[in-house]
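For reference, the chains in residue letters:
There are 2 protein chains.
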Amino acid sequence: MTQQKQMILSLAMFGAAGLNFKSWTDPEVKLSSYPDINIDIEAAKLAEKGKFHFMFFGDFPGNKASDTSDMQTMGLDPMMIASIISNHTERIGMGITRATSWSNPYDVARQFKTLDALSKGRMAWNAVTGANGVSANAYGVNLAPSFDRYGKAYEFTEAVQALWATWGEDALKLNHSTKEFADYDQVKAISLKGKYVQSSGTLPIPPSKQGQPLIFHSGGSENSIAFAGKYADVFVGEVWTIEQGQAIRQALRDAAVANGRQPDDIKFIAGVMPLLGDNKKEAIERHAQFIDDDTFLQRVAHIGYVLGIDFTPADLEKPIDPKLLDQVVVTPYSDPRLENVLKVAREGWSLRELVYHSVIDYHPAAVGTAQDIADYMTEWFEAGAADGFWVMPDVYKVDLTRFVDEVVPILQEEGSFHKDYEGETLRENLGVAYQYGTRERE
Amino acid sequence: MTQQKQMILSLAMFGAAGLNFKSWTDPEVKLSSYPDINIDIEAAKLAEKGKFHFMFFGDFPGNKASDTSDMQTMGLDPMMIASIISNHTERIGMGITRATSWSNPYDVARQFKTLDALSKGRMAWNAVTGANGVSANAYGVNLAPSFDRYGKAYEFTEAVQALWATWGEDALKLNHSTKEFADYDQVKAISLKGKYVQSSGTLPIPPSKQGQPLIFHSGGSENSIAFAGKYADVFVGEVWTIEQGQAIRQALRDAAVANGRQPDDIKFIAGVMPLLGDNKKEAIERHAQFIDDDTFLQRVAHIGYVLGIDFTPADLEKPIDPKLLDQVVVTPYSDPRLENVLKVAREGWSLRELVYHSVIDYHPAAVGTAQDIADYMTEWFEAGAADGFWVMPDVYKVDLTRFVDEVVPILQEEGSFHKDYEGETLRENLGVAYQYGTRERE
Numbered sequence: 001m002t003q004q005k006q007m008i009l010s011l012a013m014f015g016a017a018g019l020n021f022k023s024w025t026d027p028e029v030k031l032s033s034y035p036d037i038n039i040d041i042e043a044a045k046l047a048e049k050g051k052f053h054f055m056f057f058g059d060f061p062g063n064k065a066s067d068t069s070d071m072q073t074m075g076l077d078p079m080m081i082a083s084i085i086s087n088h089t090e091r092i093g094m095g096i097t098r099a100t101s102w103s104n105p106y107d108v109a110r111q112f113k114t115l116d117a118l119s120k121g122r123m124a125w126n127a128v129t130g131a132n133g134v135s136a137n138a139y140g141v142n143l144a145p146s147f148d149r150y151g152k153a154y155e156f157t158e159a160v161q162a163l164w165a166t167w168g169e170d171a172l173k174l175n176h177s178t179k180e181f182a183d184y185d186q187v188k189a190i191s192l193k194g195k196y197v198q199s200s201g202t203l204p205i206p207p208s209k210q211g212q213p214l215i216f217h218s219g220g221s222e223n224s225i226a227f228a229g230k231y232a233d234v235f236v237g238e239v240w241t242i243e244q245g246q247a248i249r250q251a252l253r254d255a256a257v258a259n260g261r262q263p264d265d266i267k268f269i270a271g272v273m274p275l276l277g278d279n280k281k282e283a284i285e286r287h288a289q290f291i292d293d294d295t296f297l298q299r300v301a302h303i304g305y306v307l308g309i310d311f312t313p314a315d316l317e318k319p320i321d322p323k324l325l326d327q328v329v330v331t332p333y334s335d336p337r338l339e340n341v342l343k344v345a346r347e348g349w350s351l352r353e354l355v356y357h358s359v360i361d362y363h364p365a366a367v368g369t370a371q372d373i374a375d376y377m378t379e380w381f382e383a384g385a386a387d388g389f390w391v392m393p394d395v396y397k398v399d400l401t402r403f404v405d406e407v408v409p410i411l412q413e414e415g416s417f418h419k420d421y422e423g424e425t426l427r428e429n430l431g432v433a434y435q436y437g438t439r440e441r442e
Numbered sequence: 001m002t003q004q005k006q007m008i009l010s011l012a013m014f015g016a017a018g019l020n021f022k023s024w025t026d027p028e029v030k031l032s033s034y035p036d037i038n039i040d041i042e043a044a045k046l047a048e049k050g051k052f053h054f055m056f057f058g059d060f061p062g063n064k065a066s067d068t069s070d071m072q073t074m075g076l077d078p079m080m081i082a083s084i085i086s087n088h089t090e091r092i093g094m095g096i097t098r099a100t101s102w103s104n105p106y107d108v109a110r111q112f113k114t115l116d117a118l119s120k121g122r123m124a125w126n127a128v129t130g131a132n133g134v135s136a137n138a139y140g141v142n143l144a145p146s147f148d149r150y151g152k153a154y155e156f157t158e159a160v161q162a163l164w165a166t167w168g169e170d171a172l173k174l175n176h177s178t179k180e181f182a183d184y185d186q187v188k189a190i191s192l193k194g195k196y197v198q199s200s201g202t203l204p205i206p207p208s209k210q211g212q213p214l215i216f217h218s219g220g221s222e223n224s225i226a227f228a229g230k231y232a233d234v235f236v237g238e239v240w241t242i243e244q245g246q247a248i249r250q251a252l253r254d255a256a257v258a259n260g261r262q263p264d265d266i267k268f269i270a271g272v273m274p275l276l277g278d279n280k281k282e283a284i285e286r287h288a289q290f291i292d293d294d295t296f297l298q299r300v301a302h303i304g305y306v307l308g309i310d311f312t313p314a315d316l317e318k319p320i321d322p323k324l325l326d327q328v329v330v331t332p333y334s335d336p337r338l339e340n341v342l343k344v345a346r347e348g349w350s351l352r353e354l355v356y357h358s359v360i361d362y363h364p365a366a367v368g369t370a371q372d373i374a375d376y377m378t379e380w381f382e383a384g385a386a387d388g389f390w391v392m393p394d395v396y397k398v399d400l401t402r403f404v405d406e407v408v409p410i411l412q413e414e415g416s417f418h419k420d421y422e423g424e425t426l427r428e429n430l431g432v433a434y435q436y437g438t439r440e441r442e
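One line per chain: the protein sequences are B and W, in this order. Going by full-length UniProt numbering, 228 is the number at position 228 of the first sequence; the sequence numbering is gapless. Going by full-length UniProt numbering, 440 is the number at position 440 of the second sequence; the sequence numbering is gapless.
It is possible that some hints are incorrect.
Same chains, same names: a pair is fine if it fits in one copy or spans any two.
To be verified - With a straight-line Cα cutoff of 30 Å, these simulated DSSO-like cross-link-like pairs (lysine-lysine) come out:
no., residue 1, residue 2
1, K281, K323
2, K419, K30
3, K343, K209
4, K64, K173
5, K397, K318
6, K51, K323
7, K280, K179
8, K5, K49
9, K397, K120
10, K30, K179
11, K30, K120
12, K195, K152
13, K419, K397
14, K45, K209
15, K281, K179
16, K397, K179
Hints listed in this document are in silico derivations from the structure and should not be mistaken for laboratory results.
Same shape as in the complex, but just chain B (with noise of 0.2 Å):
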């Protein structure tokens, strides 16, 4: 009997309370001081209740908040809250961002390493360019497009895979007769010297239960699929359509085999808003709550923008006449949302339930009943466009609760989605090959 493939799942964590601008607003989260890690802790023991492969942060150093972007641009770092969530769970991982650009190598992975051996081997380092003046320039680093961004992504990322190694797998001995602690002879210093990246030394830490973190990376460019096909076990996407998914998963594949990887050694994570109701009415009623009166009249400006036509506000309450919907024109050059705005315009709601379903926004939305969602997931996953998804609810203590009450046993149900951890570290649970320093060493 052959396994069926499986998703994986992986939970966002950007927010304070959710993944939306409003989260903290829900009455049920009942925020009354920032930062709140208890909030933080609650969301990683769901997420692993609902047997999530792994939490995934971002980093948005330096950028100022404003009225429209709250909590995701907090200044907080990932590094610590990770730390204690490790701490408060046993198997679920966590996919952490830091960026090339702006970071120092010795100190990427001595905390990534040290976060790794302190969780028993749950660690990945998503190891993105950062191309984002504004988080560069609080690093004092300016990004002029002479930057050569990805030269020095390889360099660094070189160097941080040679420094985990430098403590020889076998060198720790705790033999409590000869009272040797390790073989020290197994502690190899490194001395590298590249064009943007320099370290020698030691990092004397002990592998951990999987070795060294796994590499992930998020992007869409030529560029980040050729970094993704040297290097990444993981690349976490933004795509808004299975056609999209499938290209750039195809993409992937392909720059796995052009480096003599497996296609399969890279897994695509395409991103899902999950608008969870008793039907989609109340599903989008839900979501409205949290889209504010600002984001809303842009969001019905944008689909405008994208349908070609000029809303009124007298337009809002009724759906689109179906005549101008079959006048719009789609090209490579639409929105990537274009299609999916077409879609649910056709299903007649009107321009406000619209908005409410989120058609314009930083990923696609699963709207409708925990079948639905899981429908939405499985049509993604069978057509090959993505080996699993990242999970964004609005709230993570009403909705995240709700999902995975209501859809993760769905996905298990049908056999899509695994029903326990298969190991206990990251790399046992989503297949990834056992790996220690740099691939040219294995």
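Based on these hints, arrange chain W on the given structure of chain B.
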């Protein structure tokens, strides 16, 4: 009734199982894997039970571990350990070392303020410059003689404190009726471009319960005293005699005044290794088991060197001839530990037992019963040689337990140590004034 001035206690957190290279071999520890975060958590809880004011984390990145330096130079990042510990404790503070020579100010500002907010105001940054070339090279920094360590440290510390105040003290609103998260007009970017450090942007994290982390400093040079005079709330020192403690403590008090501050604004913390037993002989015999053969022979040789005596193996088991001791001349250039070597040798211990007293070590040892150790600390404290101590027990589980159960109650009974925490934050417990932003800003 005036309140008697009381001493500060701090626990050194450098090792895996305690502050000795061989702590892990203690049968009570039974170390079977490394790292083991539970050992750190238990030590922190013990220290909190003993009402210690804070834990002190050193930092030794990049150094190659060796047979005689096992744990102390292991590469674990203290920020990760402190994050986890903070979540298992409620009152004890944490002072964590991060060197300005090889770190980035935005990174330091962000990680420390994140942890200060998550721990509800219990953090301090030990802002050392970092003079270790091996560590610097790991970070790709060349500490050439021309490297202006203190020049960078001043700019760095100003930048960190300025970043801490970019989120206005009253900006957080959490107004559930208006759904206003924050008044973003109170979030103000900085733009700093110095000779060594630059950073622009915001660090959008609300104040912790104590505003922002304290500043600690360590060292002993004139430069370090001057730096501490301007910035430090606590100075963690390395002195072997009361006279040395008095001298550096007075220098720090003078430096505070020179910067328009009060003499008591800088607390001087001296190191002490408590060797605790039912009597002195038992105390040194327990300590002896953690001294390996190489270290033992090195220390015999060093005692011979500072006394000007050539010892042979035949000398080990007998006291040093008092006539030889009388010929030793103490000069200002002598090893700072010489006076203590002479004092203990004159008590009639054998040369072997002299080594077991740890007369040659990184810090002075207090040897004997709980009352002996309390007396030692009280003598230093009353002589104005220290405002408190960083305590280095051989094994947390054994020797810290005894210290908390036996020494702490004596100090409390005698009125020289507090019976409970004064407040919730590290500032409240150390009596350090509230600060938000740079001092000039106040």
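Hint check results:
1. K281 / K323: Classified as within: same-chain Cα gap 24 Å, cross-chain 98 Å, threshold 30 Å.
2. K419 / K30: For K419 and K30, neither the intra-copy (32 Å) nor the inter-copy (36 Å) Cα distance is at most 30 Å.
3. K343 / K209: The answer is neither: 47 Å in one copy and 50 Å across copies each exceed 30 Å.
4. K64 / K173: The answer is between: 16 Å across copies meets 30 Å, while 49 Å in one copy does not.
5. K397 / K318: neither (33 Å within a copy, 71 Å between copies)
6. K51 / K323: neither (46 Å within a copy, 75 Å between copies)
7. K280 / K179: Result: close only across copies, 26 Å inter versus 66 Å intra.
8. K5 / K49: Answer is within; shortest intra-copy Cα gap is 21 Å, inter-copy 51 Å.
9. K397 / K120: The answer is both: 27 Å in one copy and 23 Å across copies each meet 30 Å.
10. K30 / K179: between (53 Å within a copy, 12 Å between copies)
11. K30 / K120: between (34 Å within a copy, 19 Å between copies)
12. K195 / K152: Close inside one copy (8 Å) and across copies (25 Å); limit 30 Å.
13. K419 / K397: within (22 Å within a copy, 40 Å between copies)
14. K45 / K209: both (21 Å within a copy, 27 Å between copies)
15. K281 / K179: between (68 Å within a copy, 24 Å between copies)
16. K397 / K179: Result: close only across copies, 18 Å inter versus 49 Å intra.
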